[in-house]
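A.B. asks: Sequence:
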Amino acid sequence: MAVLDKFQYQGIDAIRVGRFNLGINSSFILYRLGNTLIDTGPTNQWRYVKPFVEEKPLQQLILTHHHEDHSGNAGRIKTLTNITPLAPELTVQKLKRGFRIPITQRILWGAADRVEAAVIPQDLCLADGERVESIFTPGHAKDMTCYLLPERGWLFSADLYIANHLKLLRVDEDIATILESTKRVLALEFDTIICPHRGIVKDGKQRLQEKYDYIVNLAAEVQQLHQQGYSQKAITLQLLGKENLMSRLSGYNFSKINLIRSCQKVVL
26 MAVLDKFQYQ
36 GIDAIRVGRF
46 NLGINSSFIL
56 YRLGNTLIDT
66 GPTNQWRYVK
76 PFVEEKPLQQ
86 LILTHHHEDH
96 SGNAGRIKTL
106 TNITPLAPEL
116 TVQKLKRGFR
126 IPITQRILWG
136 AADRVEAAVI
146 PQDLCLADGE
156 RVESIFTPGH
166 AKDMTCYLLP
176 ERGWLFSADL
186 YIANHLKLLR
196 VDEDIATILE
206 STKRVLALEF
216 DTIICPHRGI
226 VKDGKQRLQE
236 KYDYIVNLAA
246 EVQQLHQQGY
256 SQKAITLQLL
266 GKENLMSRLS
276 GYNFSKINLI
286 RSCQKVVL
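In terms of the numbering used here, the sequence shown is residues 26 to 293.
Be aware that one or more of the hints could be misleading.
As the list claims (entries may be wrong) - Below are the PhoX-like pairs computed for lysine-lysine, each with C-alpha atoms no more than 20 Å apart in a straight line:
(1) Lys192 / Lys121
(2) Lys236 / Lys290
(3) Lys236 / Lys208
(4) Lys230 / Lys208
(5) Lys258 / Lys290
(6) Lys167 / Lys121
(7) Lys227 / Lys208
(8) Lys208 / Lys290
(9) Lys75 / Lys31
(10) Lys192 / Lys31
(11) Lys103 / Lys121
(12) Lys290 / Lys167
(13) Lys81 / Lys103
If you're looking for bench data, these hints aren't it; they were derived computationally from the structure.
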């Protein structure tokens, strides 16, 4: 698959790439603001990522978390530009030792090379000095961090948002932690979400609140049905329907029943 889209938004240069064009979860958007790149895209799209990186001088690479679509090209970009990636501390550790990638994700995104990264400084700024606030937001990944540009009201949201309605969950994700992280972000002032899958989301704080409310309501429904004696499989079928092709292809690593199981544990 070639480049799916290339666009600009108020000083941001962006490119959407992906091996498949099967919806927003199967493609990835790289964002460059001035001389700063946020995340790297997957390794199997390097032939499109490389010229995007080379279009303008790069001074800084910031990573949100270790997942292969976000960090896969970090080593290649470091070799190309001699710029050391900046990342959350847990991400730095994972990138140094390497991490397991399930087979379906390898097919979708490719592998991820090991790379030496540096821990994000407390006084993180863009290359021009604009202040950036890092917000630790685990749940989707234990190391995930979002980045807020308070002067602009922009949130680089990593994988915290993506869509209003959550239908599938990875086996290593935790809904209670996702809700805590989302609540932490909703306490901040921002309007626009810069999402690496969905794209530019205006009224982003409202959209994220809608997702939070949806998950809370889903968890309440799950727990009510559980109290009535329904099995997890029956609850899944009633609230979310049958498992889809992605669930089956992933061996249910990414599935509806994972979402139901995690919702069942949420303290409301």
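A.B. asks: Would you mind marking each hint as holding or not holding in the structure?
C.D. replies: Checked hints:
About 32 Å separates the Cα atoms of Lys192 and Lys121, which puts this hinted pair outside 20 Å; it is violated. Distance hint between Lys236 and Lys290 is fulfilled; the C-alpha atoms sit about 18 Å from each other, no more than 20 Å. Distance check on the hinted pair: Lys236 and Lys208 sit about 11 Å apart at the alpha-carbon level, within 20 Å; holds. Annotation: proposed proximity of Lys230 to Lys208 holds, straight-line Cα distance about 11 Å (limit 20 Å).
Taken as a hint, the Lys258 and Lys290 pair is honoured in the structure, with Cα atoms around 15 Å apart against an allowance of 20 Å. Between Lys167 and Lys121 the CA atoms are separated by roughly 16 Å; this keeps the pair inside 20 Å, and the hint holds. The straight-line distance between the Cα atoms of Lys227 and Lys208 is roughly 19 Å, inside the 20 Å bound, and the hint therefore holds. Taking the CA atoms of Lys208 and Lys290, the gap is near 18 Å; set against the 20 Å cutoff, the hint holds.
For the hint linking Lys75 to Lys31, the alpha-carbon distance of about 14 Å falls within 20 Å, and the restraint holds. Straight-line distance between C-alpha atoms of Lys192 and Lys31 comes to about 28 Å, which puts the hinted pair past the 20 Å bound. Straight-line distance between C-alpha atoms of Lys103 and Lys121 comes to about 13 Å, which keeps the hinted pair within the 20 Å bound. For the proposed pair Lys290 and Lys167, the alpha carbon gap of about 18 Å is at most 20 Å, so the pair holds.
For the hint pairing Lys81 with Lys103, the CA-to-CA distance comes to about 15 Å; that is within 20 Å, so the pair holds.
Checked against the numbered hints given earlier, this structure breaks hints 1, 10; the rest are met.
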